[in-house]
Amino acid sequence: MKAALAIASRELSSMFRLPVGWVVTALFMLLTGTVFAYLILAPGQIASLRVFFAVSGWLLLPVVPAVSMRLLSEEFRSGTIEPLLTSPVSDAAVVIGKYLGGLAFLMLMFVPTLALVGILVALSDPKPDPGPILAGYLSVALLGALYLAVGLFVSSLTSNQTLAFLGTLFVLLLMMLLAFVPAEKLPPLLRPVLNAALIKPRIDDFAKGVIDLSHVVFFLSVSCWFVVLTTLTLESRRWR
Amino acid sequence: MLLVDQVHKSFGTLRAVRGVSFEIPRGQVVGLLGPNGAGKTTTIRMITGFTPPDAGRVLIDGDDITQAAAKARGKIGYLPESAPLYGEMTVRDYLSFRSKLYGLERGARRSAIDRAMDRCWLREVAGRRIGQLSKGFKQRVGLAGALLHGPDVLVLDEPTNGLDPTQVSETRTLIRELGVERTLLISSHVLTEIERLCDRVIVLAGGTLRADGSPRSLIDAAGFVARYTVEIEVPRTGGTASIVMALGRVAGVASVQIHEEPGIPEASGRSWGVFTVSPEAGFMDLRETIAESARASGLLVRSLERERPSLERVFMELVERDGLGETRAVARRSA
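Each protein sequence line maps, in turn, to chains A and B. The first sequence runs 2 to 241 under this note's numbering. The second sequence runs 6 to 340 under this note's numbering.
Since the hints were derived computationally from the structure, they do not count as laboratory data. Fair warning: there could be bad hints in the mix.
[Claimed, not checked] Listed next, the in silico DSSO-like pairs over lysine-lysine satisfying Cα-Cα at most 30 Å (straight line):
| no. | chain 1 | residue 1 | chain 2 | residue 2 |
| --- | --- | --- | --- | --- |
| 1 | B | Lys-76 | A | Lys-3 |
| 2 | A | Lys-186 | A | Lys-128 |
| 3 | B | Lys-140 | B | Lys-80 |
| 4 | A | Lys-201 | A | Lys-186 |
| 5 | B | Lys-80 | A | Lys-128 |
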């Protein structure tokens, strides 16, 4: 576990030693700030961050692959995977460390947005309802966790960062867009599975301020699943 | 102590390593030699636990590298080929990260890092980003990373590859120091390096073990006959033919060849020819006999050298015997 934390903290600090961490954070702030200033801080609007969380959710689609593409692909490309996997650390600890490092970066990226909450609370009357705001943060955290697990898995498949980015983006878009396909158009056999796997309805529930435990379990278990899958891929790579 | 027992490894249809076995006791510096694609890196990766062998086992001080992975890996220090490092980290941060991976406690960590940095002359660059360092420094950072936890077994894959001559000699000095207390396995395709550094040489070719022994014993076992190169004044009358005849009469000489025809006479009025003398098998050193016979025949010898058979010749012979000299590099990055 100590080793996993060491890997996580190395991963997190590397994000800020490289331009990618700063660029991603700055772009994210710019876009969410713009949305906040023009769509939320409008006279006559209800004090709610619903739009902000909806936009953040969509922004995570390109942001997460940009973070996750480095996690394992870069290790394969540069060969640093070799000293890492020959140290007395299990493959699972390596994967968990990588995952936690990426997750910590995503959480940190949201910290400056607390200022937006502060501004909204200060300027609006009546004050915004705290429930949907808490549920909103929980939803982007869970969404980020799931996306990142998918991204980590894809980055374990290739030593090419561009491919890892595009592959992850493609999978995530597919997962999101599935919600827009009318249910009756889906093959009947797959319908229950695909319906259960839909992400958007769950996020919409959070946006209403409802924290459904089954949704929380869904996000966490799918994330775990991909982390396990990544570990298996890493183990199998040793043989090749 | 390192034991490699009948390890096999295939990648698809390529049988990279086929039943290699050897044992290295503590305090021995061993060179792993072979042409590109001979299975050196694959063998090293099996030893260090990066890739599991298809068959056979590797024991580090009695611990199996796949069965007791964490324990066995903790006893090895490994510098992979071209020393892959995180370029964005500073030297100190990198070493601190490595020490955490090896489970060093906070107190021990600082002293271990300082010791490794002193050992590899890294003090002056402790706060610099690794990506900005020269290749020689990077190599030393990799080496420091491999030494941090005080491993009993040290495995270095091509440690002087791509370094300039000064860096090469510095690295060699360091390696010689390190070999005193440890089991040291160095892979290289630079033969002179292995010859200078190692007590013992293991030659791989085509995925199998071709030779194992001290550089001296390998040279002796190869049974090369040392040839002699003699530079002699060529007399005006008789010419080179008289010299060939005179030298051919010496006991123990099998044949004499003209290596270099005499050129234009020098300022002294003398002209010199160079001859190669091949001895019959069994004669140890013919230098004195050749010199004395030449004097007795009234010939003036300016230089007389006994060719030293090198590891390089042994190696070429071993590798080329089965046409493996042309083996193409099967560079398998883990991608």
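Hint check results:
no.	hint	in the structure
1	B:Lys-76 - A:Lys-3	16 Å, holds
2	A:Lys-186 - A:Lys-128	43 Å, violated
3	B:Lys-140 - B:Lys-80	27 Å, holds
4	A:Lys-201 - A:Lys-186	18 Å, holds
5	B:Lys-80 - A:Lys-128	61 Å, violated
The structure is inconsistent with the numbered hints 2 and 5, although it conforms to all the rest.
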